[in-house]
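Student: Hey, can you work out the whole structure from these sequences and the hints?
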Amino acid sequence: DGGITQSPKYLFRKEGQNVTLSCEQNLNHDAMYWYRQDPGQGLRLIYYSQIVNDFQKGDIAEGYSVSREKKESFPLTVTSAQKNPTAFYLCASSLDRGVSNQPQHFGDGTRLSIL
Amino acid sequence: QKEVEQDPGPLSVPEGAIVSLNCTYSNSAFQYFMWYRQYSRKGPELLMYTYSSGNKEDGRFTAQVDKSSKYISLFIRDSQPSDSATYLCAMRETSGSRLTFGEGTQLTVNP
Numbered sequence: 474d475g476g477i478t479q480s481p482k483y484l485f486r487k488e489g490q491n492v493t494l495s496c497e498q499n500l501n502h503d504a505m506y507w508y509r510q511d512p513g514q515g516l517r518l519i520y521y522s523q524i525v526n527d528f529q530k531g532d533i534a535e536g537y538s539v540s541r542e543k544k545e546s547f548p549l550t551v552t553s554a555q556k557n558p559t560a561f562y563l564c565a566s567s568l569d570r571g572v573s574n575q576p577q578h579f580g581d582g583t584r585l586s587i588l
Numbered sequence: 068q069k070e071v072e073q074d075p076g077p078l079s080v081p082e083g084a085i086v087s088l089n090c091t092y093s094n095s096a097f098q099y100f101m102w103y104r105q106y107s108r109k110g111p112e113l114l115m116y117t118y119s120s121g122n123k124e125d126g127r128f129t130a131q132v133d134k135s136s137k138y139i140s141l142f143i144r145d146s147q148p149s150d151s152a153t154y155l156c157a158m159r160e161t162s163g164s165r166l167t168f169g170e171g172t173q174l175t176v177n178p
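These protein sequence lines are chains F and L, in that order.
Sequential numbering of the first sequence, starting at 474, is according to my numbering.
Sequential numbering of the second sequence, starting at 68, is according to my numbering.
Do not rely on the hints blindly, as some may be mistaken.
Calculated cross-link-like contacts (lysine to aspartate or glutamate; reagent style EDC-like; alpha-carbon spacing at most 20 angstroms) [to be verified]: (1) L:K137 with L:D74; (2) F:K530 with L:E160; (3) L:K69 with F:D532; (4) L:K69 with F:D511; (5) L:K109 with F:D511; (6) F:K482 with L:E112; (7) L:K134 with L:E70; (8) L:K109 with F:E497; (9) F:K530 with L:E70.
Some but not every residue of chain L turned toward chain F, in silico, with C-beta under 7 angstroms [stated by the list, open to error]: (10) K109; (11) P111; (12) L113; (13) Y116; (14) S164; (15) F168; (16) G169; (17) E170.
In short, the hints are calculated from the structure, not lab data.
Note that the coordinates shown come from a computational prediction; the quantities given were computed from them, not determined experimentally.
No residue lacks a Cβ here, since even glycine has one placed at the ideal position from N, Cα and C.
Tutor: Laid out in structure tokens, this is it:
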């Protein structure tokens with residue numbers, strides 16, 4: 474089945490620790506995105522990548538880092554610099570290739586909590 | 068002021084009711100409009116996708132876009148308990164791939 478797989482489903486972070494959230498897609502999509510969802514705030518864009526080995530900051534990139542070494546993978550690292558990391562993290566992808574009318578499709582998220 | 072405004076609810080209706088969900092926006096460059104449905108502890112799934120102004124119907128769902136008023140709506144006819152979820156509006160400009168989301172409306176359909 475084609476889709477977006479996020480792992481783990483639940484993750485706990487200790488103070489001062491970096492954690493990495495996995496996002497893999499087998500849809501052959503070019504673009505991938507990371508969002509953070511908090512109650513009452515909707516989805517906010519952290520980082521996005523439209524092509525391998527390139528990525529752009531979104532609206533709330535501070536305290537996060539990403540890499541895009543393979544087309545199908547876009548891991549997100551939540552660093553110790555992110556002081557309020559507790560949230561639901563969503564990965565999405567879309568078939569861009571310069572055509573703007575492609576919708577984004579989402580994985581089922583990772584819930585990150587602080588120990 | 069947020070670029071996209073959406074009433075967070077919660078909205079509670081009896082089974083069979085017609086549901087109206089709405090978003091307003093301020094960016095006149097938005098051309099593509101989407102509605103996503105999100106069940107608890109799941110990712111959003113795309114329900115409706117429209118370009119510019121007009122109506123689009125898919126089964127019990129109708130999406131309306133009024134660009135002159137900067138207002139979009141999603142109507143659900145004959146609502147079912149399985150429609151209970153959070154509904155998110157999203158929109159984007161013609162160029163680029165970034166979406167701007169509303170904060171979502173929580174809907175409960177009571178049997």
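Student: Within a Cα-Cα threshold of 20 angstroms, do L:K134 and L:E70 meet the stated pairing?
Tutor: holds (14 angstroms)
Student: Take a quick look at whether L:K69 and F:D532 sit within 20 angstroms of each other, Cα to Cα.
Tutor: Roughly 13 angstroms between the alpha carbons, so the hint for L:K69 and F:D532 holds.
Student: With a cut-off of 7 angstroms on the beta carbons, see whether L:S164 makes it to chain F.
Tutor: holds (5 angstroms)
Student: Straight-line Cα separation of L:K109 and F:D511 no greater than 20 angstroms?
Tutor: holds (14 angstroms)
Student: Do the alpha carbons of L:K109 and F:E497 lie within 20 angstroms of each other, as the hint requires?
Tutor: Given that 20 angstroms is the threshold and the Cα spacing comes to 16 angstroms, the pair holds.
Student: Taken at face value, is the distance from the CA of L:D74 to the CA of L:K137 at most 20 angstroms?
Tutor: OK: L:K137 and L:D74 at ~15 angstroms, within 20 angstroms.
Student: Does L:G169 pass the interface hint, meaning its C-beta sits closer than 7 angstroms to a C-beta of chain F?
Tutor: With a minimum Cβ separation of about 6 angstroms from chain F (threshold 7 angstroms), the hint on L:G169 holds.
Student: At a threshold of 7 angstroms, is the proposed contact between L:K109 and chain F supported by beta-carbon distances?
Tutor: Hint on L:K109: holds, closest Cβ of chain F at ~5 angstroms, below 7 angstroms.
Student: Please work out if L:K69 and F:D511 have their alpha carbons no farther apart than 20 angstroms.
Tutor: holds (16 angstroms)
Student: Holds or violated: is the Cβ of L:E170 closer than 7 angstroms to a Cβ in chain F?
Tutor: holds (4 angstroms)
Student: Given the hinted pair F:K482 and L:E112, is their Cα-Cα distance within 20 angstroms?
Tutor: holds (17 angstroms)
Student: Does L:Y116 hold up as a contact with chain F if the rule is Cβ-Cβ below 7 angstroms?
Tutor: holds (5 angstroms)
Violated hints are absent here; each numbered hint is respected by the structure.
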